Amino acid sequence: MNKAARLWAALAAPGAFWLLFFFAVPFYAVACVAFGTVDPIFRDAIPQWNPLNWSFGEFNAVFSSVTSGPLRGVFVRTIVYVVSAMIISFAIGFPVAYYLARHAGKRRMLLLLLIIAPFWVNYLMRMLAWVNLLSPSGLFSRFVGMFGVQYNWLDGSPITVILGLVYGYIPFLILPLYATLERLDWRLVEAARDLGATSRQAFRVVTVPMAKAGVAAAAILIALPMFGDYYTNDLLSRSPKTEMLGNQIDYYINSSSQPQRGAILVIMLSTLLLVALSWYLRSTSRVGKERVR
Amino acid sequence: MTSVSTRRVKALPILIWGYITWSLVPVIIAVIYSFNDGRSRTVWKGFSFRWWFGDKYASVFHDDSMRQAIVNSLVLATTTMLIVTPLGLALAIGSHRLKGKSATAVQGMTSVPLITPEIVVGAALLLTFTRLFSGIPLGFPAQLLGNVTFSVSAVVVIVRARLVSIGSSFEEAARDLGATRFQALRYALMPLLWPSIVASFVVVFATVIDDFVITSFLSAGVESETVPLRIYSSVKGGATPALNALATLLVATTFTALTIGVFGLSFWRKRHGEQGGFKSALSDLTRMGE
Chain H
2 MNKAARLWAA LAAPGAFWLL FFFAVPFYAV ACVAFGTVDP IFRDAIPQWN
52 PLNWSFGEFN AVFSSVTSGP LRGVFVRTIV YVVSAMIISF AIGFPVAYYL
102 ARHAGKRRML LLLLIIAPFW VNYLMRMLAW VNLLSPSGLF SRFVGMFGVQ
152 YNWLDGSPIT VILGLVYGYI PFLILPLYAT LERLDWRLVE AARDLGATSR
202 QAFRVVTVPM AKAGVAAAAI LIALPMFGDY YTNDLLSRSP KTEMLGNQID
252 YYINSSSQPQ RGAILVIMLS TLLLVALSWY LRSTSRVGKE RVR
Chain C
2 MTSVSTRRVK ALPILIWGYI TWSLVPVIIA VIYSFNDGRS RTVWKGFSFR
52 WWFGDKYASV FHDDSMRQAI VNSLVLATTT MLIVTPLGLA LAIGSHRLKG
102 KSATAVQGMT SVPLITPEIV VGAALLLTFT RLFSGIPLGF PAQLLGNVTF
152 SVSAVVVIVR ARLVSIGSSF EEAARDLGAT RFQALRYALM PLLWPSIVAS
202 FVVVFATVID DFVITSFLSA GVESETVPLR IYSSVKGGAT PALNALATLL
252 VATTFTALTI GVFGLSFWRK RHGEQGGFKS ALSDLTRMGE
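Protein chains in written order, with this note's numbering: chain H, 2 to 294; chain C, 2 to 291.
Think of the hints as simulated: they come from the structure by calculation, not from any bench. Note that this is a predicted model, so its numbers are computed, not measured. Wrong hints could be hidden among the right ones.
[Said to hold, decoys possible] Here chain H is said to cover these stretches of chain C; the calculated rule only asks that three of the stretch's residues, wherever they fall, bring their Cβ under 8 Å from a Cβ of chain H: (1) 107-114; (2) 210-216.
[Said to hold, decoys possible] Which residues of chain C face chain H? A partial, calculated answer using Cβ under 8 Å: (3) L13; (4) I15; (5) I30; (6) I33; (7) G95; (8) L126; (9) L128; (10) T129.
[Unchecked claim] Restricting the straight-line Cα-Cα distance to at most 27 Å, the calculated cross-link-like pairs of lysine-lysine (DSS-like) are: (11) K213/H x K237/C; (12) K237/C x K107/H; (13) K280/C x K57/C; (14) K4/H x K280/C; (15) K46/C x K271/C; (16) K11/C x K213/H; (17) K102/C x K107/H; (18) K242/H x K237/C; (19) K57/C x K46/C; (20) K271/C x K107/H; (21) K100/C x K4/H.
Virtual Cβ for every residue (Gly too), placed ideally from N, Cα, C.
Produce the complete structure using the sequences and hints provided.
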């Protein structure tokens with residue numbers, strides 16, 4: 002190793018070791034708890050630090066509960082809620098980002114600031130605001146009550162939870178979408194129009210392929226935290242009827258005496274997200290190759 | 002443009018203003034209700050500062066547990082910021098210049114936290130601190146370590162973007178003029194890195210003061226309760242408008258930090274003749290380019 006490389010390695014070392022100890026090792030610890038044993042009297046998890054002695058009995062039990070038992074509903078619900086929230090977020094977020102990037106004109110800076118603002122407002126403050134509005138005596142409930150709508154929004158309503166997820170995460174979608182759309186070379190779209198493409202054709206053949214990678218990245222950026230969310234659900238519903246995977250993890254890790262189940266669910270969630278992520282990486286690299294061709 | 006698409010573009014401003022109203026008005030209403038004279042967070046009884054400081058026991062500035070939460074939040078955010086910025090700065094410079102397998106490994110390891118849901122990190126660290134590194138007690142020490150771990154990658158991203166835009170020519174010039182590698186780093190590169198250091202300070206402070214999941218998983222009861230934890234635990238009960246006031250304070254703190262950051266950065270850019278000004282300062286802090 003030459004002198005320069007030694008300097009760079011010395012600079013990188015503290016941070017790299019930090020991540021090794023407090024990021025990589027904890028993941029190993031999760032596996033050791035998940036594949037460890039359980040104290041027969043206190044039911045507490047006893048981690049098994051040697052991978053050769055890992056036991057997969059409890060993991061299989063949880064897995065069969067996911068495929069054909071009580072946990073199946075939780076998994077299905079999590080996926081349905083997140084996918085619905087993503088679709089609604091895109092339906093609102095894409096036009097907003099598109100307008101901001103293409104047509105905002107002189108008012109762009111003002112609009113941009115107003116759209117960035119919720120990004121900086123604490124997540125729990127935004128949920129608190131809605132809990133106040135949706136509670137039976139809240140402004141929103143009283144307002145829709147004038148039209149004869151009587152609905153208990155905060156008691157296990159899937160609509161509230163899905164819209165809560167949309168409200169919570171949409172700022173994190175709009176900004177990267179805007180950044181992607183703003184950077185696109187719109188002259189290519191104009192060229193397509195000049196060559197006779199209709200606006201819809203230009204959108205499909207030129208805009209979509211150009212924006213695809215950025216849009217997919219933005220989608221991933223909100224999908225990952227949504228899959229692990231439990232507090233939105235807790236604040237807006239706290240009912241077993243709307244329970245998601247994150248709520249189960251929170252429950253088993255924090256308030257039950259079976260942290261082993263929590264560790265197993267953490268591994269399952271990570272695996273699920275890893276599969277989704279590698280699928281995304283593969284599809285974007287294919288997009289890149291197609292464009293080169 | 003055809004008439005159809007013109008009409009579509011005309012519908013967009015309505016949508017965008019509708020979105021802005023929907024995203025901001027509920028929060029503004031919550032802020033207004035912190036000035037409610039009544040005990041309710043939903044029924045307006047007239048304007049007063051009762052829940053800010055009027056009430057001698059239950060207002061934000063007199064309620065001991067709320068004051069404790071504010072102090073805890075500020076201490077946690079400031080300490081994390083001071084530890085993680087130098088750590089991430091060194092890691093960014095080192096990993097940017099390293100070559101070969103070790104560089105790939107380090108860069109891979111720094112990008113994983115960016116795509117890991119917080120609940121996974123929180124749960125993993127809780128299991129680690131209770132079963133493996135049991136010398137680290139839950140509460141402030143664990144919360145500090147957890148927040149540093151989760152935000153170090155953000156600092157690396159910010160600093161690395163700056164390193165790419167600076168390039169290596171300044172350091173090479175310094176080396177040609179006889180500086181050692183370390184001197185080139187210290188006197189040619191470091192002064193140019195200031196904007197990314199300030200951006201890291203501000204972003205980390207704002208992220209940590211707003212953090213809920215990791216801080217909650219690693220807390221040890223009331224003594225280590227931060228403002229977001231306090232909001233979470235009292236939203237559903239019959240909390241008074243003092244809770245709205247507490248949340249308003251949190252939002253005001255974040256906004257102050259970020260405003261100082263934006264104006265500081267755009268001032269720096271202007272003074273050093275860099276382009277972009279206000280808008281680049283804004284995008285530095287919102288990490289739009291990620």
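Taking the hints in turn, this is what the structure says about them:
Requiring three or more residues with a Cβ within less than 8 Å of a Cβ of chain H, the coverage given for the stretch 107-114 of chain C holds, as 5 such residues are present. A stretch counts as covered by a chain when three or more of its residues have a beta carbon under 8 Å from one of that chain; for the stretch 210-216 of chain C and chain H the count is 3, and the coverage holds. Of the supplied interface hints, the one on L13/C holds, with its beta-carbon coming within about 4 Å of a beta-carbon of chain H, less than 8 Å. The interface hint given for I15/C is violated, since its Cβ lies 10 Å from the closest Cβ of chain H, which is over the 8 Å cut-off.
At its closest, the beta carbon of I30/C sits 7 Å from a beta carbon of chain H; the interface hint therefore holds under the 8 Å criterion. Violation of the interface hint for I33/C is found here, the shortest Cβ-Cβ separation to chain H being roughly 10 Å, above the 8 Å cut-off. Because the smallest distance between the Cβ of G95/C and any Cβ of chain H comes to about 3 Å, under 8 Å, the interface hint for this residue holds. With 8 Å as the threshold, the beta carbon of L126/C comes within range of chain H, its nearest partner Cβ sitting at about 5 Å, so the hint holds.
Checking L128/C against chain H: minimum C-beta separation of about 5 Å stays under 8 Å; hint holds. This hint holds: T129/C has a C-beta 4 Å from the nearest C-beta of chain H, less than the 8 Å allowed. A C-alpha spacing of about 41 Å is found between K213/H and K237/C, which places the hinted pair above 27 Å, so the restraint is violated. Proposed proximity of K237/C and K107/H is contradicted: the alpha carbons are some 43 Å apart, above 27 Å.
This hinted pair does not check out: K280/C and K57/C have alpha carbons roughly 44 Å apart, beyond 27 Å. At most 27 Å may separate the alpha-carbon atoms for a hinted pair to count; K4/H and K280/C exceed this at roughly 40 Å. With a C-alpha separation of about 49 Å, the suggested pairing of K46/C with K271/C is violated against the 27 Å cut-off. Between K11/C and K213/H, the direct Cα distance comes to roughly 25 Å. Compliance with the 27 Å bound is thereby established for this hinted pair.
A threshold of 27 Å between alpha carbons decides the hint, and for K102/C with K107/H the separation of about 49 Å lies outside it, so the pair is violated. The straight-line distance between the Cα atoms of K242/H and K237/C is roughly 18 Å, inside the 27 Å bound, and the hint therefore holds. Between K57/C and K46/C, the direct Cα distance comes to roughly 19 Å. Compliance with the 27 Å bound is thereby established for this hinted pair. Our distance criterion of 27 Å between C-alpha atoms is met by K271/C and K107/H, whose separation comes to about 22 Å.
Our distance criterion of 27 Å between C-alpha atoms is met by K100/C and K4/H, whose separation comes to about 13 Å.
In the structure shown, a violation is registered for the earlier hints numbered 4, 6, 11, 12, 13, 14, 15, 17, in ascending order.
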